[in-house]
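*Asks:* Let the sequences and hints guide you as you build the complete structure.
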Amino acid sequence: MSMVPSNDSRAGVAPGGLWRVALTIAWRGMHTYIRRPDLIFPSLIFPLVFFASFAGGLSALGKVPGFTFPAGYTAFQFVFVMCQSAMFSGLFTGFTLAFDFESGFARRLMLAAEDRRGIALGYAIVALSRAAITLTLVTAVALVSGMRITGNGVDLFGLYGLAALLVLVGYGWAAGVAFRFRTIQAGPLMQTPVFLILFLAPVYVSLTLLKGWIHAAASVNPATAFLDAGRGLISGVHNHTALAYACALGLILLFGIWTLSGLRRAETSP
Amino acid sequence: MLSTQVNVLARRSMRKTLRQPFQLFPIVFFPIILLAVNASGLKSATELVGFPTRSYVSFAIAVAFIQGAMFALINTGTNLAEDIESGFFSRLALTPLRRVSLIAGLLVGVAAIGALQSAVYILIGLVAGTHLDAGFGGALVVIALGSLTTLAFGALGCAAALWTGSGEAVQGLFPLFFVFVFLSSSNLPRNLLGTGWFHTVANWNPISYLIEAFRSLYIYGWDLTALWRGFAVAAGLGVIALLASSGALRKRLQRT
Numbered sequence: 001m002s003m004v005p006s007n008d009s010r011a012g013v014a015p016g017g018l019w020r021v022a023l024t025i026a027w028r029g030m031h032t033y034i035r036r037p038d039l040i041f042p043s044l045i046f047p048l049v050f051f052a053s054f055a056g057g058l059s060a061l062g063k064v065p066g067f068t069f070p071a072g073y074t075a076f077q078f079v080f081v082m083c084q085s086a087m088f089s090g091l092f093t094g095f096t097l098a099f100d101f102e103s104g105f106a107r108r109l110m111l112a113a114e115d116r117r118g119i120a121l122g123y124a125i126v127a128l129s130r131a132a133i134t135l136t137l138v139t140a141v142a143l144v145s146g147m148r149i150t151g152n153g154v155d156l157f158g159l160y161g162l163a164a165l166l167v168l169v170g171y172g173w174a175a176g177v178a179f180r181f182r183t184i185q186a187g188p189l190m191q192t193p194v195f196l197i198l199f200l201a202p203v204y205v206s207l208t209l210l211k212g213w214i215h216a217a218a219s220v221n222p223a224t225a226f227l228d229a230g231r232g233l234i235s236g237v238h239n240h241t242a243l244a245y246a247c248a249l250g251l252i253l254l255f256g257i258w259t260l261s262g263l264r265r266a267e268t269s270p
Numbered sequence: 271m272l273s274t275q276v277n278v279l280a281r282r283s284m285r286k287t288l289r290q291p292f293q294l295f296p297i298v299f300f301p302i303i304l305l306a307v308n309a310s311g312l313k314s315a316t317e318l319v320g321f322p323t324r325s326y327v328s329f330a331i332a333v334a335f336i337q338g339a340m341f342a343l344i345n346t347g348t349n350l351a352e353d354i355e356s357g358f359f360s361r362l363a364l365t366p367l368r369r370v371s372l373i374a375g376l377l378v379g380v381a382a383i384g385a386l387q388s389a390v391y392i393l394i395g396l397v398a399g400t401h402l403d404a405g406f407g408g409a410l411v412v413i414a415l416g417s418l419t420t421l422a423f424g425a426l427g428c429a430a431a432l433w434t435g436s437g438e439a440v441q442g443l444f445p446l447f448f449v450f451v452f453l454s455s456s457n458l459p460r461n462l463l464g465t466g467w468f469h470t471v472a473n474w475n476p477i478s479y480l481i482e483a484f485r486s487l488y489i490y491g492w493d494l495t496a497l498w499r500g501f502a503v504a505a506g507l508g509v510i511a512l513l514a515s516s517g518a519l520r521k522r523l524q525r526t
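Line order of the protein sequences matches chains A and B.
Residue numbering for the first sequence follows the numbering used here, beginning at 1 and increasing consecutively.
Residue numbering for the second sequence follows the numbering used here, beginning at 271 and increasing consecutively.
Take the hints with a grain of salt, since some may be wrong.
[Unchecked claim] Covered, in the sense of this in silico footprint (three residues per stretch, anywhere, with C-beta under 8 Å from a C-beta of chain B), are these stretches of chain A:
1) 46-54
2) 198-209
[Stated by the list, open to error] Short, incomplete list of chain A residues facing chain B, as computed with Cβ under 10 Å:
3) Pro42
4) Leu58
5) Leu61
6) Pro65
7) Gly66
8) Thr68
9) Phe69
10) Pro70
11) Tyr73
12) Ser145
13) Gly212
14) Pro222
[Unchecked claim] Estimated spans, in silico, between C-beta atoms of each pair:
15) B:Glu317 to A:Leu254: 33 to 41 Å
16) A:Arg148 to B:Gln524: 52 to 60 Å
17) B:Gly399 to A:Thr208: 18 to 26 Å
18) B:Arg361 to A:Leu253: 38 to 46 Å
19) A:Val220 to B:Thr274: 54 to 62 Å
20) A:Phe99 to B:Ile510: 30 to 38 Å
21) A:Val237 to B:Glu317: 20 to 28 Å
22) B:Thr495 to A:Arg148: 34 to 42 Å
23) B:Val319 to A:Leu196: 29 to 37 Å
24) A:Ile45 to B:Thr323: 29 to 37 Å
25) A:Leu254 to B:Leu393: 34 to 42 Å
26) B:Ile510 to A:Val237: 44 to 52 Å
What the hints contain is simulated information worked out from the structure, not anything from laboratory work.
Predicted model only: the values in this text are computed from it and were never measured.
Just so you know, even glycine gets a beta-carbon here, dropped at the ideal spot from N, CA and C.
*Replies:* In structure tokens form, the structure reads like this:
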């Protein structure tokens, strides 16, 4: 592949350069991911542990007075684990980007790429591919463990579409941080806000059963819309689907700007 | 004298943790944030038939002591691995210090940090509305058990650092221990773990008994069965970890 050095991420680039760079980075990212057990195993095992712990360990919560969910508690928790895995696939790809900066690889990449926006796009494809592997495994385990799906095929398409958007939300945030700090030490800054947003949503029971400050926090938390929509789609009883899609698309736009402005900052940094 | 050597190394070990905000922050704030989130999110579990208390925060605070001990494992192991990587440990081994004091000093410091962090969790818990049914005496037992648990986990961190000599490898243990906490009676009492296989795993998981010992003092008062099981697990884990540390130390000093 021919890569012409450029000082600007947009000006004077060959048509198709964006995708050439993106696909090359995506191939390299997935090649590395699959070949390194220290990367692939934690990303597969953690969602399964969360699923086992929440769906298995907390199944009694399905009997709490006032809790109703047509598809059962396993499906209720599956949606949380799916949203979390999706966002964390994006986050972990941000870690990879930060690590590539720390090792000097990303800097060399910046010199070689004919359109540097392709770098951001390439890692986004890596995030989506990693999430596809993780979510396939989590779904298979959930089905084997007896998860019921009462939504139809279109609902499921919507569910996985929402998961794909959440991958990009997580990645957009983490990539913006990675481009700005260019060190793996910024990991907690990538992880903590996402972790908090996810856990300040109705994780264990529905919003109506939450009381006190967490109810107030969950009521204005976009992650609540994601969980409500996901649970609605898996059970076929739609709840806040349009709101969730709107929130996810809005966040992707916002974090897209955050990522690209981070890329500009990385380009101009000494 | 051995006691002087242990004392000096214990103070160094304590200062190393207390002076580094990035080590202190997770010990204090991470368990408290998780407690706040879980206690609020899982409050409705208290409405289940058979749940032992109406206060979920009193039920859940036990997990904070275990999480604190897990951070001690990481901090102790990372600090020791740093000493190994920087060559400080090898220089220390060349001094007339007795071998036993190399580890004992570190672990006495860890136990003191464990007692301190347990006292902090008790105070924060009281502010958050926990009720310690066993009273002041129970608080002292919580501190003693917290200190012993932290020492046991810290010794595991030492063993890992001595075997691998790598801070990164020690950090890799953290998720493994998180799995043990997740697959225990951390969120619900064992009698309410409805899923068969999960109930079996929680029954075999020693972390369940550690958590239940702390929890018993908050909820039931003086439950001697829960207490002896908790102390036995902490002590057993400590003995295993010390044996592993001792073997790893011998091997490392031979290499040195």
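*Asks:* May I ask you to test the hint 34 to 42 Å on the CB atoms belonging to Thr495 (chain B) and Arg148 (chain A)?
*Replies:* This hint holds: roughly 39 Å between Cβ atoms.
*Asks:* Against chain B, with CB atoms and a cut of 10 Å, does the hint on Thr68 (chain A) hold up?
*Replies:* 13 Å, violated
*Asks:* That 20 to 28 Å hint for Val237 (chain A) and Glu317 (chain B) (C-beta), does it hold up?
*Replies:* Holds - the Cβ-Cβ distance for Val237 (chain A) and Glu317 (chain B), about 23 Å, lies within 20 to 28 Å.
*Asks:* Range hint 30 to 38 Å: satisfied by the CB atoms of Phe99 (chain A) and Ile510 (chain B)?
*Replies:* Taking Cβ atoms as reference, Phe99 (chain A) and Ile510 (chain B) lie about 35 Å apart, which means the hint holds.
*Asks:* If I claimed the Cβ atoms of Leu254 (chain A) and Leu393 (chain B) lie 34 to 42 Å apart, would that claim hold in this structure?
*Replies:* Distance hint for Leu254 (chain A), Leu393 (chain B) holds at roughly 40 Å.
*Asks:* Tell me if Phe69 (chain A) is really an interface residue toward chain B, meaning its C-beta lies closer than 10 Å to one of theirs.
*Replies:* This interface hint is violated because 13 Å lies over the 10 Å limit.
*Asks:* Given Gly66 (chain A) as an interface hint, is the shortest Cβ-Cβ distance to chain B below 10 Å?
*Replies:* It holds, given that the least Cβ distance between Gly66 (chain A) and chain B is near 8 Å, below 10 Å.
*Asks:* Would the hint on Ser145 (chain A) stand, with a C-beta cut-off of 10 Å toward chain B?
*Replies:* 9 Å, holds
*Asks:* So does Gly399 (chain B) sit 18 to 26 Å from Thr208 (chain A), Cβ to Cβ?
*Replies:* 23 Å, holds
*Asks:* I want to verify a distance hint. Is the separation of the beta carbons of Arg361 (chain B) and Leu253 (chain A) within 38 to 46 Å?
*Replies:* 56 Å, violated
*Asks:* For the range 44 to 52 Å, tell me whether the beta carbons of Ile510 (chain B) and Val237 (chain A) fit it or not.
*Replies:* 51 Å Cβ-Cβ, so the 44 to 52 Å window holds.
*Asks:* Let's test the interface hint: is any C-beta of chain B closer than 10 Å to that of Pro222 (chain A)?
*Replies:* With a closest approach of 17 Å, the Pro222 (chain A) hint is violated.
Of the hints listed earlier, those the structure fails to meet are numbers 8, 9, 10, 14, 18, in rising order.
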